[in-house]
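Protein sequences, first through last, are from chains X and W. If you're matching positions, the first sequence starts at 794 in this note's numbering and goes up one per residue. If you're matching positions, the second sequence starts at 794 in this note's numbering and goes up one per residue.
Just to be clear, a hint being listed does not mean it is correct.
Heads up, the list lumps identical chains together, so a pair's fine if it works in one copy or across two of them.
DSBU-like cross-link-like pairs, simulated, lysine-lysine; straight-line CA separation at most 35 angstroms [as the list claims (entries may be wrong)]:
#1 Lys795 to Lys939
#2 Lys1055 to Lys939
#3 Lys910 to Lys1055
These are calculated hints, taken from the structure and not from any lab test.
Residue strings, one per chain:
Number of protein chains: 2
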Amino acid sequence: MKMCLDCVPCFVRQAADAVRLSVSSEEEQDRLMHNVLQWIGDIDLSQTPPAAAQMLHRRLRALLAVEDPYRISKDRHNALASRLMPSIRRRIAAAVDPLTMAVRYAITGNIIDLGAKNNVGLGEVYAELQSAPMQPVFGDLEALRKAAGLARTILYLADNAGEIFFDRLLIEQFSGARVTLVVRGAPVINDATLPDARAAGMEDIADVMDNGSDAPGTLLSDCSPEFRRRFDEADMIIAKGQGNFESLSEGQRDVFFLFRAKCPVISLHTGFAAGTYVAANRFERQKTAGERNDS
Amino acid sequence: MKMCLDCVPCFVRQAADAVRLSVSSEEEQDRLMHNVLQWIGDIDLSQTPPAAAQMLHRRLRALLAVEDPYRISKDRHNALASRLMPSIRRRIAAAVDPLTMAVRYAITGNIIDLGAKNNVGLGEVYAELQSAPMQPVFGDLEALRKAAGLARTILYLADNAGEIFFDRLLIEQFSGARVTLVVRGAPVINDATLPDARAAGMEDIADVMDNGSDAPGTLLSDCSPEFRRRFDEADMIIAKGQGNFESLSEGQRDVFFLFRAKCPVISLHTGFAAGTYVAANRFERQKTAGERNDS
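Could you build the full structure based on these sequences and the hints that come with them?
As structure tokens, this is what we get:
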């Protein structure tokens, strides 16, 4: 999915966030911001958003001389999600349809996304959790249920720290399959990496690996050969978040995408309003904009 | 009020909006956007936001060779507001305290601001109007009431098109004073200019003038001598919107500011969360953050 003009202010905001997270002097912040803005002025607008964001955040990390500007945010979101887990696990277990409920909460967790906005507050997360059980999920949940029931191997592409705890509760529903949980190969925005998978205890219930790439999405050509092999061979692939959707929606493989629609660019491509809970595979704009299944 | 890093993504979004409103070819949009981004990369971050936005929108209008990229949006917002006027006027007249109610609706109208976001939907305006009568207004409404009761001349600085219809309903409450309604001197974003004042029928109830400036705020040094004379001489000044607040809050004159807090930069400076209805004079951060009067 090609980026559009609306992606640019979002990149500028990400840059401002990263600069502020890493540098306290206002003068130095201004100097760095000018530098990044000049770079953004030359950005190639024909790329996918994750490809452009990968380059932007590499530059930011180099300029800031910080390996992981978002580490403190990620730790905070992990701690918050960790505290919420026991009650959400109980709610899923008590649901008439635990799989659907786990999908809803996994999508709810996708609001913890510092790529789409510059802060995620405790109040916002609690409010979302209250409404999660009632949220309509657009897409084909029955196809997901069937595919998960038949799959021997599931490749689950995580998105963000914090959110990865919610992913764990969904993966716990896939007891009949061998699940491989995949995180990014290096820090980028607040995307989950290996320390976040460990924080969520993913090793207890899944194989855990990284994809070898520092893009906030899944750019196959940039991923490790081992990841690409697993991507080709898995019976089923589940991909969380907008970044994975933006980078994989036009690929050859059938992927189940789970995400909150969070920005006008995604709305334009999918037809879904901001806030929509999306669970869809073989994503085609015409289809999803036309015939939506409310589950 | 000095701009901060968070203003930059907002300027980039305004640029993307203006480009898209004026040019349909994607290639041409990309070319123009690169040009503007390079310019924004050199922006002086020590200015007030309206001063920087004035320069940005001058450049945009020159690049796009369009005198008023937002004219269609402004006409649409005027038409929407015009349809809403009769029922709001009735609600104000039926209120126990019509002045306070008119202030609430005038602040509600301040959501019609394409500087702060790229679209204002019909649904959003209707939802705001439903909640308007119950909104707490932070600031000193009694001081405003007293000043308006004593004033022989009131200078009312309008903000946006559409919103200016709501301003009219407030000005109708000031029957004891001679009111001068001031709009921008030339098009900038969706700020009201003389055609918008005429659309709202302002000439029937007030003297109408423009301030001679194309800044989306009130930069006194950039305004006409006639405006500056009226600014010095008026018994009372009411200024609508964030742009007027950002440019006048640190000045010498006592100004009553009416606006919706709409962005993190304003929240940082005033202590008011986004969405807050603000009606305050002699605005000082310490005071307002400390002792707020809920009217």
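Going through the hints against the structure:
1. Taking the shortest Cα distances, Lys795 and Lys939 sit within 35 angstroms of each other inside one copy (31 angstroms), while across copies they are farther apart (57 angstroms).
2. With identical chains, the CA atoms of Lys1055 and Lys939 are at most 35 angstroms apart within one copy only, with a shortest distance of 28 angstroms there and 46 angstroms across copies.
3. In this homomeric assembly, Lys910 and Lys1055 come within 35 angstroms of each other (Cα to Cα) both inside a single copy, at 9 angstroms, and across copies, at 15 angstroms.
The earlier numbered hints are all upheld by this structure, with none contradicted.
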